[in-house]
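Chemist: Here are the chains, one letter per residue:
6 protein chains.
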Amino acid sequence: MIYITRRERFNAAHRLFRSDYSDEKNAEVFGKCSNPLWHGHNYELFVTVKGEVDPETGFLVNLKTLSLLIETLVISKLDHKNVNLEVDFMKDKLASTENLAIGIWNELVTPLRELGAELYCIKLCETENNFVEYFGN
Amino acid sequence: MIYITRRERFNAAHRLFRSDYSDEKNAEVFGKCSNPLWHGHNYELFVTVKGEVDPETGFLVNLKTLSLLIETLVISKLDHKNVNLEVDFMKDKLASTENLAIGIWNELVTPLRELGAELYCIKLCETENNFVEYFGN
Amino acid sequence: MIYITRRERFNAAHRLFRSDYSDEKNAEVFGKCSNPLWHGHNYELFVTVKGEVDPETGFLVNLKTLSLLIETLVISKLDHKNVNLEVDFMKDKLASTENLAIGIWNELVTPLRELGAELYCIKLCETENNFVEYFGN
Amino acid sequence: MIYITRRERFNAAHRLFRSDYSDEKNAEVFGKCSNPLWHGHNYELFVTVKGEVDPETGFLVNLKTLSLLIETLVISKLDHKNVNLEVDFMKDKLASTENLAIGIWNELVTPLRELGAELYCIKLCETENNFVEYFGN
Amino acid sequence: MIYITRRERFNAAHRLFRSDYSDEKNAEVFGKCSNPLWHGHNYELFVTVKGEVDPETGFLVNLKTLSLLIETLVISKLDHKNVNLEVDFMKDKLASTENLAIGIWNELVTPLRELGAELYCIKLCETENNFVEYFGN
Amino acid sequence: MIYITRRERFNAAHRLFRSDYSDEKNAEVFGKCSNPLWHGHNYELFVTVKGEVDPETGFLVNLKTLSLLIETLVISKLDHKNVNLEVDFMKDKLASTENLAIGIWNELVTPLRELGAELYCIKLCETENNFVEYFGN
Numbered sequence: 241m242i243y244i245t246r247r248e249r250f251n252a253a254h255r256l257f258r259s260d261y262s263d264e265k266n267a268e269v270f271g272k273c274s275n276p277l278w279h280g281h282n283y284e285l286f287v288t289v290k291g292e293v294d295p296e297t298g299f300l301v302n303l304k305t306l307s308l309l310i311e312t313l314v315i316s317k318l319d320h321k322n323v324n325l326e327v328d329f330m331k332d333k334l335a336s337t338e339n340l341a342i343g344i345w346n347e348l349v350t351p352l353r354e355l356g357a358e359l360y361c362i363k364l365c366e367t368e369n370n371f372v373e374y375f376g377n
Numbered sequence: 241m242i243y244i245t246r247r248e249r250f251n252a253a254h255r256l257f258r259s260d261y262s263d264e265k266n267a268e269v270f271g272k273c274s275n276p277l278w279h280g281h282n283y284e285l286f287v288t289v290k291g292e293v294d295p296e297t298g299f300l301v302n303l304k305t306l307s308l309l310i311e312t313l314v315i316s317k318l319d320h321k322n323v324n325l326e327v328d329f330m331k332d333k334l335a336s337t338e339n340l341a342i343g344i345w346n347e348l349v350t351p352l353r354e355l356g357a358e359l360y361c362i363k364l365c366e367t368e369n370n371f372v373e374y375f376g377n
Numbered sequence: 241m242i243y244i245t246r247r248e249r250f251n252a253a254h255r256l257f258r259s260d261y262s263d264e265k266n267a268e269v270f271g272k273c274s275n276p277l278w279h280g281h282n283y284e285l286f287v288t289v290k291g292e293v294d295p296e297t298g299f300l301v302n303l304k305t306l307s308l309l310i311e312t313l314v315i316s317k318l319d320h321k322n323v324n325l326e327v328d329f330m331k332d333k334l335a336s337t338e339n340l341a342i343g344i345w346n347e348l349v350t351p352l353r354e355l356g357a358e359l360y361c362i363k364l365c366e367t368e369n370n371f372v373e374y375f376g377n
Numbered sequence: 241m242i243y244i245t246r247r248e249r250f251n252a253a254h255r256l257f258r259s260d261y262s263d264e265k266n267a268e269v270f271g272k273c274s275n276p277l278w279h280g281h282n283y284e285l286f287v288t289v290k291g292e293v294d295p296e297t298g299f300l301v302n303l304k305t306l307s308l309l310i311e312t313l314v315i316s317k318l319d320h321k322n323v324n325l326e327v328d329f330m331k332d333k334l335a336s337t338e339n340l341a342i343g344i345w346n347e348l349v350t351p352l353r354e355l356g357a358e359l360y361c362i363k364l365c366e367t368e369n370n371f372v373e374y375f376g377n
Numbered sequence: 241m242i243y244i245t246r247r248e249r250f251n252a253a254h255r256l257f258r259s260d261y262s263d264e265k266n267a268e269v270f271g272k273c274s275n276p277l278w279h280g281h282n283y284e285l286f287v288t289v290k291g292e293v294d295p296e297t298g299f300l301v302n303l304k305t306l307s308l309l310i311e312t313l314v315i316s317k318l319d320h321k322n323v324n325l326e327v328d329f330m331k332d333k334l335a336s337t338e339n340l341a342i343g344i345w346n347e348l349v350t351p352l353r354e355l356g357a358e359l360y361c362i363k364l365c366e367t368e369n370n371f372v373e374y375f376g377n
Numbered sequence: 241m242i243y244i245t246r247r248e249r250f251n252a253a254h255r256l257f258r259s260d261y262s263d264e265k266n267a268e269v270f271g272k273c274s275n276p277l278w279h280g281h282n283y284e285l286f287v288t289v290k291g292e293v294d295p296e297t298g299f300l301v302n303l304k305t306l307s308l309l310i311e312t313l314v315i316s317k318l319d320h321k322n323v324n325l326e327v328d329f330m331k332d333k334l335a336s337t338e339n340l341a342i343g344i345w346n347e348l349v350t351p352l353r354e355l356g357a358e359l360y361c362i363k364l365c366e367t368e369n370n371f372v373e374y375f376g377n
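Chains as they are written, first to last, in the working numbering: chain S, 241 to 377; chain Z, 241 to 377; chain U, 241 to 377; chain X, 241 to 377; chain A, 241 to 377; chain C, 241 to 377.
Calculated directly from the structure, the hints in this document are not laboratory data. Where is the CB? At the ideal position from N, CA and C, for every residue including glycine. Mixed in with the good hints, there may be bad ones.
Here's a subset of chain C near chain Z, in silico, CB distances under 10 Å, partners left out [to be verified]:
| id | residue |
| --- | --- |
| 1 | Gly-291 |
| 2 | Leu-309 |
| 3 | Thr-367 |
| 4 | Tyr-374 |
Per label pair, the in silico range of CB-to-CB distance [as the list claims (entries may be wrong)]:
| id | chain 1 | residue 1 | chain 2 | residue 2 | range |
| --- | --- | --- | --- | --- | --- |
| 5 | S | Arg-249 | C | Tyr-261 | 26 to 34 Å |
| 6 | U | Glu-264 | S | Asp-294 | 31 to 39 Å |
| 7 | C | Pro-351 | Z | Met-241 | 19 to 27 Å |
| 8 | C | Met-241 | S | Gly-356 | 52 to 60 Å |
| 9 | Z | Glu-292 | C | Asp-332 | 14 to 22 Å |
| 10 | X | Lys-272 | S | Glu-311 | 15 to 23 Å |
| 11 | S | Pro-276 | Z | Glu-292 | 23 to 31 Å |
DSS-like, lysine-lysine: derived pairs with alpha carbons at most 25 Å apart [stated by the list, open to error]:
| id | chain 1 | residue 1 | chain 2 | residue 2 |
| --- | --- | --- | --- | --- |
| 12 | C | Lys-265 | C | Lys-363 |
| 13 | Z | Lys-265 | Z | Lys-317 |
| 14 | S | Lys-265 | S | Lys-363 |
| 15 | Z | Lys-317 | Z | Lys-331 |
| 16 | C | Lys-317 | Z | Lys-304 |
| 17 | Z | Lys-265 | Z | Lys-304 |
| 18 | X | Lys-317 | S | Lys-304 |
| 19 | X | Lys-317 | X | Lys-265 |
| 20 | Z | Lys-317 | S | Lys-272 |
| 21 | X | Lys-290 | X | Lys-272 |
| 22 | C | Lys-265 | U | Lys-317 |
| 23 | U | Lys-304 | S | Lys-290 |
| 24 | A | Lys-333 | A | Lys-272 |
| 25 | Z | Lys-317 | Z | Lys-304 |
| 26 | Z | Lys-304 | C | Lys-333 |
| 27 | S | Lys-317 | A | Lys-290 |
| 28 | Z | Lys-331 | S | Lys-272 |
| 29 | X | Lys-272 | X | Lys-363 |
| 30 | X | Lys-317 | A | Lys-333 |
| 31 | A | Lys-290 | C | Lys-304 |
| 32 | C | Lys-317 | C | Lys-333 |
| 33 | C | Lys-304 | X | Lys-304 |
| 34 | S | Lys-317 | Z | Lys-304 |
| 35 | C | Lys-265 | C | Lys-317 |
| 36 | C | Lys-331 | X | Lys-304 |
| 37 | C | Lys-272 | C | Lys-290 |
| 38 | Z | Lys-290 | Z | Lys-272 |
| 39 | A | Lys-290 | X | Lys-272 |
| 40 | S | Lys-333 | S | Lys-363 |
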């Protein structure tokens, strides 16, 4: 069993808020992250899969295939987008790093399995000081 | 003559577009950076000042004072904000990294001089692959 | 179950030595790290907590609260301090990275639980080439 | 139980290919990584060992000893070398990051045990976007 | 006048040697870098151009155009290649970082001028500890 | 004319204070950096030299020679030392980053010239947020 990780990046806008909260309540709970005019981040995404090394190729998975799959299913939906308004798998969810990591896991887990790789971890870095890791429930 | 640099960071939303362009023209010239629903970045800002070392303190400038000045005049106006809509010194300007660097220079050059430090360079990094440097005109 | 990590930093002096060793023995066992006139480091601390995402906020834990707790209980005691002489939770302990990581764990585990978050890992980096991880015993 | 990690680096040449594949097949499966005239990388190696803290020294393991062992058994064999042609423990293996990580594990696991440390993880970074982790089988 | 920098990366094999030196002389002058079986690096390239901001676009130069030009004229010739054997603009030159930086300058300076941008600096990093900067002669 | 930079690192203790100031005055001017029990840093040092490429070797200067000279004249005096108490070239000087950079310049400028390389810049990073550059007076 071996683990391989691919890093990808995307730049997106978002805000943290609940529509059933007043502006004051949103500001109190989410602070400056609830700015109604948005802010954004350079997100770093680390996708880790696990499996056996294929003795024919020496690979767990072809990195080009892995990268293309992440690009198609995740990055193209998030890069230079508004997480709250434009990302189908984040519809009606709070755009927190936690929920975004779980959403990305859900997008990737089945297609990766079809590729013969088992998704092990989604690590999502919002700033150099904060990151979230999700290993499935 | 010595040079000292302070790094600060801010997270902001922006878009690149001209209101006198059609949507098609904006997309053609600015690509995905013109997304009308915004995107954003973790900006890294490096402020370099130059001057003589004060023999009394061994400092060119007190870094806490320098940091506080950058925070007050620049970071507080940009962090968790929309560069196009909320930043006074970017009003009616294209929110490119180039213009943002020049805007930050103009905010800091006089107050730094009053502090006894001469602004030498504004370096502004938009992503790990792109940065702009401005040394005054 | 999700994991969230907060990075904090502190700059401190320390030395490695045993008072029951001769100077020669200290130099032999601890090398240049036993310099009696101290040396120091920019330590990087990564605090990882685990738990469930609160459906109300989308958060495992509010990062501002987490950061403030780490600042109050750990960083304020270590930053710009002498680890051997000034840090209550390191009294009578060898100031190794291992012991420092365990000491920080012990400071944080109960207060974090009261905050509703379970401490999962303390990662402490002494240089770019060395780090320690502690997950509790 | 505590975990300590030492980072080391080496620069090496390699290529991915099978001698029982035609050139076309190699290019198809391994892409530009199969260039017959080689390419190379700055590899970053993270060796993590686990164990108990020695109450006498505050160490899990003396880092200088750990570093010297990695240097002798691994780095000296790989640094400024051709992984396919010059590295004894990679003979007749595909020079993938996966196989290289497993090969390094096999070189270190027994000598580390004799040092009183249990090897926990080999993490090998080929580029800033790709890395492999191996924890033993 | 403003300066904008684009980072690109390539992975390549090379060796340092002179065919008019004996193997012993090559080893003496170039050390392990003269290994006849090659070694390699993850090179980081920073291309800095200078010019005026276009008031119409807010750009000094369109970064996508700049990146494409560097990719076409430099990266495609170097990435996953052997610098000594396969790179036209390094033919009959010692494959040192210095010569490689000068070679890249010469490839880019005229095409960039035709793009309306003046090449200011080529910075080429061979490892995390060494880099070369060339500003033209 | 080309520029080559070598990075070296050292870990040291220091404090900022004047013996002709009261403790209160030191705390007021230098803040927590004046802690009488010391603190410390992982300093990063970038030494840049300039000159012509030697057509025989392709080098401006042999990096191994450059690194050894910096190690002998600077790093061995600073690493795991107390800057205020143990460093000959900092005697009777305030241990600020500015003064340390100037002190390192003075140690290196003549020996580098004898090596045939002209010292161009000393860049000294105290933390990830602060650095000083000195180009000679």
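Chemist: With a cut-off of 25 Å on the C-alpha distance, tell me whether Lys-317 (chain C) and Lys-333 (chain C) pass.
Modeler: holds, 16 Å
Chemist: For the pair supplied as a hint, Lys-290 (chain A) and Lys-272 (chain X), is the alpha-carbon distance within the 25 Å limit?
Modeler: At roughly 34 Å apart (the allowed maximum being 25 Å), Lys-272 (chain X) and Lys-290 (chain A) break the hint.
Chemist: Between Lys-304 (chain Z) and Lys-333 (chain C), is the straight-line Cα distance small enough, at 25 Å or below?
Modeler: holds, 21 Å
Chemist: Please verify whether Lys-290 (chain X) and Lys-272 (chain X) have alpha carbons no more than 25 Å apart.
Modeler: Distance of about 38 Å is beyond 25 Å: violated.
Chemist: Given the hint that Lys-331 (chain C) pairs with Lys-304 (chain X), test it: the Cα-Cα distance must not exceed 25 Å.
Modeler: Not satisfied, since the Cα-Cα distance of roughly 31 Å exceeds 25 Å.
Chemist: Hey, Lys-317 (chain Z) versus Lys-304 (chain Z), does the alpha-carbon distance stay inside 25 Å?
Modeler: Roughly 19 Å between the alpha carbons, so the hint for Lys-317 (chain Z) and Lys-304 (chain Z) holds.
Chemist: Tell me if the straight-line CA distance from Lys-317 (chain X) to Lys-333 (chain A) falls inside 25 Å.
Modeler: violated, 28 Å
Chemist: Given the proposed pairing of Lys-265 (chain Z) with Lys-317 (chain Z), does the C-alpha separation stay at or below 25 Å?
Modeler: Between Lys-265 (chain Z) and Lys-317 (chain Z) the Cα gap is close to 30 Å, so the pair fails against 25 Å, i.e. violated.
Chemist: Would the hint on Tyr-374 (chain C) stand, with a C-beta cut-off of 10 Å toward chain Z?
Modeler: Where the cut-off is 10 Å and the nearest Cβ of chain Z is about 5 Å from Tyr-374 (chain C), the hint holds.
Chemist: Compare the distance between the alpha carbons of Lys-290 (chain Z) and Lys-272 (chain Z) with 25 Å, and conclude whether the hinted pair is satisfied.
Modeler: violated, 38 Å
Chemist: At a threshold of 10 Å, is the proposed contact between Thr-367 (chain C) and chain Z supported by beta-carbon distances?
Modeler: holds, 9 Å
Chemist: Could you tell me whether the CB distance from Lys-272 (chain X) to Glu-311 (chain S) stays inside 15 to 23 Å?
Modeler: holds, 18 Å
When held up to the earlier numbered hints, the structure conflicts with 1, 2, 5, 6, 11, 12, 13, 14, 16, 17, 18, 19, 21, 23, 27, 30, 31, 34, 35, 36, 37, 38 and 39 and fits the remainder.
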